[in-house]
Amino acid sequence: MQNQEALMEDGEMESAMSIPTLECDDWAKFGDDDIMQQQSAIQAEEAKKVLFVGDKEPLSTLAAEYQSGSSIMIEKIKVLDEHYAAIRRTRGDGNCFFRSFMFSYLEYILQSQDQEEVERIRANIEKCRKTLQSLGYAEFTFEDFFTLFLEQLECVIQGKETSISHDELVLRSRDQSISDYIVMFFRFVTSGEIRRRSEFFEPFILGLTSTTVEQFCKSSVEPMGEESDHVHITALSDALGVSVRVLYLDRSSCESGGVSVNHHDFIPVAGELPNASVLSPTNKPFITLLYRPGHYDIMYPK
Amino acid sequence: MSQRGEWGFSFPVRLKMIDFARVQKELQECSKDVEESGIKVSPKSDNLALLIGSIPGPIGTPYEGGTFQIDITLPDGYPFEPPKMQFATKVWHPNVSSQSGAICLDILKDQWSPALTLKTALVSVQALLSAPQPDDPQDAVVAKQYLQDHHTFVGTARYWTETFAKASSLGVEEKVQKLVEMGFPEDQVKSTLEAVGGDENLALEKLCSG
Chain A
1 MQNQEALMED GEMESAMSIP TLECDDWAKF GDDDIMQQQS AIQAEEAKKV LFVGDKEPLS
61 TLAAEYQSGS SIMIEKIKVL DEHYAAIRRT RGDGNCFFRS FMFSYLEYIL QSQDQEEVER
121 IRANIEKCRK TLQSLGYAEF TFEDFFTLFL EQLECVIQGK ETSISHDELV LRSRDQSISD
181 YIVMFFRFVT SGEIRRRSEF FEPFILGLTS TTVEQFCKSS VEPMGEESDH VHITALSDAL
241 GVSVRVLYLD RSSCESGGVS VNHHDFIPVA GELPNASVLS PTNKPFITLL YRPGHYDIMY
301 PK
Chain B
1 MSQRGEWGFS FPVRLKMIDF ARVQKELQEC SKDVEESGIK VSPKSDNLAL LIGSIPGPIG
61 TPYEGGTFQI DITLPDGYPF EPPKMQFATK VWHPNVSSQS GAICLDILKD QWSPALTLKT
121 ALVSVQALLS APQPDDPQDA VVAKQYLQDH HTFVGTARYW TETFAKASSL GVEEKVQKLV
181 EMGFPEDQVK STLEAVGGDE NLALEKLCSG
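Residue numbers (my numbering), protein chains in the order written: chain A, 1 to 302; chain B, 1 to 210.
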């Protein structure tokens with residue numbers, strides 16, 4: 001049920017959705033299978049409209065969405081327009097944060113050929129693997145997901161037999177058999193980090209869901225399609241040592257009159273990077289995401 | 001899709017196909033500690049998409065002493081899609097259909113994750129036997145009995161365990177035989193025995209008064 005609601009919420013971003021209604025007169029007979037069936041129908045519907053990872057679009061397409069809507073949003077998009085050149089949309093299937101992170105990260109490596117960063121993340125991925133082992137995860141449950149991500153990381157490095165182009169990266173990000181495996185890789189990493197530092201995360205999780213850390217990981221991190229919150233972003237950013245900037249675009253207005261767009265930088269904690277939680281040239285985020293309630297897209301600074 | 005070879009992946013990544021290599025590993029893993037857990041999974045035939053699981057009834061519950069068989073069907077897309085599980089052994093439980101054996105359990109539905117395995121799913125099914133969730137029932141009749149007439153529920157669940165989940169369910173057959181010989185119709189004997197939780201004397205009393 002949760003998933004379904006999440007999807008609906010995501011769907012609100014788009015134009016009104018036409019969800020195929022089930023022909024079911026007797027609600028007593030409306031069982032879980034029907035719900036699952038309807039859920040996959042919603043997913044299929046969504047799939048037709050938005051690719052897992054879309055094309056780069058000018059910011060004017062974002063403005064066009066709110067043309068006849070809230071004036072605050074239009075003002076805020078104007079502010080964004082000063083600093084950001086483009087947006088790349090992701091599908092609102094509950095995996096949008098992880099999918100945005102995946103594409104942004106691999107695209108950055110492909111374009112920057114930042115070898116130092118590749119070595120750094122590889123070392124962190126090995127730590128994540130050990131974390132999962134020590135937490136008692138059976139190796140076969142996560143190894144394929146790790147392998148697939150490391151292979152993609154290898155592929156975006158140029159000048160090798162396995163090297164891929166930017167176009168190919170886009171295609172792979174849209175291919176479910178790769179894209180979903182990488183999303184699941186990130187879910188494993190996130191869950192492992194939250195469990196490893198459960199004392200740190202516990203108060204945040206209590207604030208969100210009033211469940212235990214264990215239950216949160218089982219029900220809100222590890223299943224596909226479960227939406228991400230600041231807890232997920234913090235954990236993934238810390239585990240991989242990758243900074244993330246999130247811009248918040250909502251209808252809230254500031255008291256001081258002028259319109260501005262809030263952002264938050266998720267900077268990995270100490271131990272992973274030298275200057276913990278302080279923005280420095282070494283951990284300046286190269287991943288920028290646009291958050292609108294219930295959904296994340298990728299942003300490109302000017 | 002033959003792209004895999006082209007892209008040089010080291011294992012199958014097709015989603016719309018069962019990851020059989022993983023299923024093999026799961027079966028191996030599960031057989032390792034079968035002594036300890038009592039949980040078994042084995043293929044029904046050569047086809048690894050159809051499996052049969054087996055769990056011991058939890059101690060201290062009306063299911064104690066029984067061994068419950070569970071039919072497992074792996075959908076295309078396993079482990080991204082949850083395995084389909086239903087009881088092959090008849091069981092009297094609020095979250096299991098007494099008719100079909102269908103199980104109401106979140107991890108077999110939207111809370112499934114590839115981080116789970118057939119074994120962990122079976123452990124959850126076993127835990128469900130210990131801790132029924134009558135507020136989210138699969139079988140409304142059983143759930144109602146569980147909430148309103150708990151004593152009878154326990155009796156019936158125990159009777160079903162004796163009758164269907166034990167290798168030697170001879171005791172019950174004998175009781176039926178005995179009562180039938182007294183001149184009561186077999187159907188009525190069976191249903192009466194079920195209703196009173198297998199107590200021969202209570203059944204006789206009820207049959208006589210009815």
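Treat the hints with care, since some could be wrong.
Using 25 Å as the maximum straight-line C-alpha spacing, the simulated DMTMM-like pairs for lysine to aspartate or glutamate come out as follows [stated by the list, open to error]:
hint, chain 1, residue 1, chain 2, residue 2
1, B, Lys109, A, Glu117
2, B, Lys175, B, Glu194
3, B, Lys32, B, Asp46
4, B, Lys178, B, Asp149
5, B, Lys32, A, Glu143
6, A, Lys127, A, Asp265
7, A, Lys218, B, Asp46
8, A, Lys218, B, Glu81
9, A, Lys130, B, Asp33
10, B, Lys44, B, Glu29
11, B, Lys206, B, Glu194
12, A, Lys218, B, Asp33
13, B, Lys32, A, Glu139
14, B, Lys40, A, Asp265
15, B, Lys84, A, Glu139
16, B, Lys190, B, Asp33
Listing some non-contacts, in silico: residues in chain A with all C-beta distances to chain B over 10 Å [claimed, not checked]:
hint, residue
17, Lys49
18, Ser71
19, Thr141
20, Asp144
21, Asp180
22, Arg187
23, Ser191
24, Lys218
25, His230
26, Arg251
27, Ser252
28, Ser253
29, Asp265
30, Thr288
31, Pro293
32, Lys302
The set of hints was computed from the structure by calculation and includes no laboratory data. Built from N, CA and C at the ideal position, the CB exists for glycine as well.
Consistency of the hints with the structure:
no., hint, in the structure
1, B:Lys109 - A:Glu117, "violated (39 Å)"
2, B:Lys175 - B:Glu194, "holds (11 Å)"
3, B:Lys32 - B:Asp46, "holds (21 Å)"
4, B:Lys178 - B:Asp149, "violated (28 Å)"
5, B:Lys32 - A:Glu143, "holds (19 Å)"
6, A:Lys127 - A:Asp265, "holds (23 Å)"
7, A:Lys218 - B:Asp46, "violated (33 Å)"
8, A:Lys218 - B:Glu81, "holds (16 Å)"
9, A:Lys130 - B:Asp33, "holds (23 Å)"
10, B:Lys44 - B:Glu29, "holds (18 Å)"
11, B:Lys206 - B:Glu194, "holds (12 Å)"
12, A:Lys218 - B:Asp33, "holds (23 Å)"
13, B:Lys32 - A:Glu139, "holds (15 Å)"
14, B:Lys40 - A:Asp265, "violated (48 Å)"
15, B:Lys84 - A:Glu139, "holds (23 Å)"
16, B:Lys190 - B:Asp33, "violated (39 Å)"
17, Lys49, "holds (20 Å)"
18, Ser71, "holds (38 Å)"
19, Thr141, "violated (5 Å)"
20, Asp144, "violated (6 Å)"
21, Asp180, "violated (6 Å)"
22, Arg187, "violated (7 Å)"
23, Ser191, "violated (7 Å)"
24, Lys218, "violated (7 Å)"
25, His230, "holds (21 Å)"
26, Arg251, "holds (30 Å)"
27, Ser252, "holds (31 Å)"
28, Ser253, "holds (36 Å)"
29, Asp265, "holds (29 Å)"
30, Thr288, "holds (29 Å)"
31, Pro293, "holds (22 Å)"
32, Lys302, "holds (34 Å)"
Hints 1, 4, 7, 14, 16, 19, 20, 21, 22, 23, 24, counting from the list given before, are not met by this structure.
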